[in-house]
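Build the full structure now, drawing on both the sequences and the hints.
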Amino acid sequence: MSEPAIRARGLTRHFGAVVAVDGVDLDIPRGQIYGFLGPNGSGKTTIIRMLCGLLTPTSGDVSVLGLDVPAQAEALRRKIGYMTQKFSLYDDLTVEENMQFMGRIHGLKRHEAHQRIGELLGRYNLVELRDRFAATLSGGQRQRLALAVANLHSPTLLFLDEPTSAVDPENRRDFWEKLFDLSDAGTTILVSTHYMDEAERCHQLAILQTGRVSTQGSPRELLAQLDDRVVAITGQNLRQVKHRALALPLVESAAQQGRHLRVLLRRAADDPAHYLREHLGNGELEFAATRPSLEDVFVAATSGMEKP
Amino acid sequence: MSAGGRIGAVTAKEFRQLARDRVTFGMIVMIPLIQLLLFGYAINTMVRNIPIAVVDNSGSAAARVLTEMVRVTQVVQIVAYYATPDEAEAAIVDGSVRAALVFPENLAQRAARGETLGQWLVDGSDTMVSSALLGLRTMPVQLEAGTPPGAYQPRTPTFEVALFFNPERRSVVNIVPGLTAIILTMTLVLFTSVALVRERERGNLELLITTPIHPLELMVGKLVPYIFVGLIQVGIILGLGRLIFDVPFQGTLLDLVLVTLPFIAASLTLGLLFSTLAATQMQAMQMTFFIVMPSVLLSGFMFPFDAMPEPAQFIAEILPATHYMRLIRGVFLRSAEAYQLLPDILWLLGFTAVMLAIATKRFRKTLD
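So the protein sequences, as listed, match chains D and U. Letter 162 of the first sequence, counting from 1, is numbered 162 in the working numbering, and no numbers are missing. Letter 86 of the second sequence, counting from 1, is numbered 394 in the working numbering, and no numbers are missing.
Rather than coming from a laboratory, the hints here were simulated on the basis of the structure. Please read these numbers as outputs of a predicted model, since none were measured by experiment. One or more of the hints may lead you astray.
[Said to hold, decoys possible] Pairs of lysine to any residue residues, derived as SDA-like cross-links and limited to a Cα-Cα distance of at most 20 angstroms, are as follows:
no. : chain 1 : residue 1 : chain 2 : residue 2
1   : D       : K109      : U       : H522
2   : U       : K673      : D       : Q85
3   : D       : K86       : U       : V331
4   : U       : K673      : D       : E74
5   : D       : K86       : U       : R506
6   : U       : K673      : D       : T58
7   : D       : K109      : U       : R506
8   : D       : K178      : D       : D197
9   : D       : K86       : U       : N512
10  : U       : K673      : D       : R78
11  : D       : K79       : U       : P523
12  : D       : K86       : U       : G313
13  : U       : K669      : D       : A71
14  : D       : K79       : D       : T56
15  : D       : K109      : U       : T519
16  : D       : K86       : U       : L657
17  : D       : K79       : U       : P520
18  : D       : K109      : U       : V383
19  : D       : K178      : D       : H203
20  : D       : K79       : U       : T519
21  : U       : K669      : D       : K79
22  : U       : K673      : D       : H203
23  : D       : K109      : U       : A587
Structural data, given as structure tokens:
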């Protein structure tokens, strides 16, 4: 089982003249929750579609669960579950009918499907909704149904494409509890998101920017790279301070957060607070080195790409 | 795990969705109803090149002269000669000729006495054809060289005409069965051409193609409910046609089903092919009208097939509706049995196989 769940080398996809995914390498271990963090258009969906054989890569090699993709995509389809970004079950079927239909499509036997559907209805709090049409479900309910359907055939690998984009924070927390349950049971999960708090929950992360992986590692590792690079400035006229800070050669980015200005330095300085105080200090501002957040990681990773 | 299980799953799902889609369900019933009433009262034009047979019991020169005279009118085209009227009748029933001209043994004596010279056996189901042949009834003939045209003036008509199947020459008798071909083309091609595109537009397909389902399973599963839709529509049209327009049903129900099923299959698979070609439901509908218009104009529904110029006939032969037009009129009006109409049935089955093969090949389980 040491073989990774997903291995990709030089994965590339063009749409006409547009390069949506550009030379992506991935090694996603089994049993983990692996996150793709990136803005819209960074290639998250395209990569996921290539990994499950829905799109043919322009170039590059992909092996998922030991199967060559797209050559062995048919065999792979029995082992994976896929939750599309847009709700893709049938609006005019009920919760239970949708599950029965997909169960039969996946080739579950009647009694097997019956038992499995009962189990999943319970696990995903859908029992009371079983006779509701999918069209009438709320965003959170739809996500639970989609996740239940993706798990019908007990796949060993789940692809979730921005599963919580239409879900409120409480339901999102709930949803992640379910993902951890699945992960504990040994399922490998690949999830894409543009929410920092979600990315932080993943075991490992790849930050994507314009079709490339700009950095990858566990959230802890990624945060550690930014130690001694983030300073919080407190005081008056922060808008103006921000402009002056951005003009400094060592400053990567600056963003206001309430009454603080978070400044990210381009590389670690011995004493970042001291460096900024020297250049910006006017007696009214307070400078304090602070713990990096995943947003800082994201900013550092994505802005670095633009400046060669 | 079986393919049958998956096809069954898709079919059951499709039935459910169909039952819940009231607009579509309404169309299934309303389209035949409205069209039936609209077309029930219509259409007539002039006719040429009707295929006929000649049965010459006299073996006389007079018969040959008469035959030639009938031929040069261009109203008919002689495609066969038979020894007995029974053979000619069989040819009318299986549709290979629309009429037969029978000369009696004593043709020469009859000509001398100025009596009726021969008898037309006419398939009266197509009123345009029968009226054209009725026009030949009093055709002036010239039997001996030297006599000026029109000099031979029999007291009785030149020919006697026996109209088979539709003696009152009501056009509705021909139109109602033909209408089934038009309505089935319209609704079945439309519904199936939209079927796959709709799933793609709604995003269902992206999920479906990540499952082990085979394209053929998906397609066949989606088509099955519409077979019943087609049969229901045929029932509505022919049932009401009988009720409202008093169109007699001459054939057997078994033959009706035997010729209708291949046509339904051909229409559905054609729609399916459109479904794989179109990117949006709108495009699918436009493609449908691309096939419906020629089906109305060229299939023999509006204008007799035999009267059309050859290029039009060539196009018409490609359309499933043309073949079904022959089949349904044959079974319904001439009580032909399915085996007598085998070429058209085989053609429809072949068409179905080809369409299904192309559609399945075109449908890829990718989003490329």
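Proposed proximity, U:P520 with D:K79 (alpha carbon, max 20 angstroms): The hint holds at about 10 angstroms.
- Query: Taken at face value, is the distance from the CA of U:L657 to the CA of D:K86 at most 20 angstroms?
  - Reply: 39 angstroms, violated
Agreement of U:K673 and D:R78 with the hint, judged by alpha carbon distance not exceeding 20 angstroms: The given pair, whose Cα atoms are some 14 angstroms apart, holds under the 20 angstroms limit.
- Message: Can you confirm whether the C-alpha distance between U:K673 and D:T58 stays at or below 20 angstroms?
- Response: Status holds; Cα separation ~17 angstroms.
Notebook entry, point to check: Regarding the pair U:K669 and D:A71, is the alpha-carbon distance no greater than 20 angstroms?
Noted result: 17 angstroms, holds
*Does the alpha-carbon distance linking U:K673 and D:H203 stay inside the 20 angstroms limit?*
32 angstroms, violated
*Straight-line Cα separation of D:K178 and D:D197 no greater than 20 angstroms?*
16 angstroms, holds
Please verify whether D:K79 and U:P523 have alpha carbons no more than 20 angstroms apart. Holds, at roughly 19 angstroms.
Handout entry: Restraint status (C-alpha distance of D:K109 to U:T519 at most 20 angstroms)
Key = 16 angstroms, holds
- Item | Given hint D:H203 paired with D:K178 - CA-CA distance at most 20 angstroms | Distance of about 15 angstroms is within 20 angstroms: holds.
*asked:* Next pair to validate is D:K109 with U:A587; report whether the Cα-Cα distance is within 20 angstroms.
replied: 35 angstroms, violated
Compare the distance between the alpha carbons of D:K86 and U:V331 with 20 angstroms, and conclude whether the hinted pair is satisfied. 26 angstroms, violated
The structure is inconsistent with the numbered hints 3, 7, 12, 16, 18, 21, 22, 23, although it conforms to all the rest.
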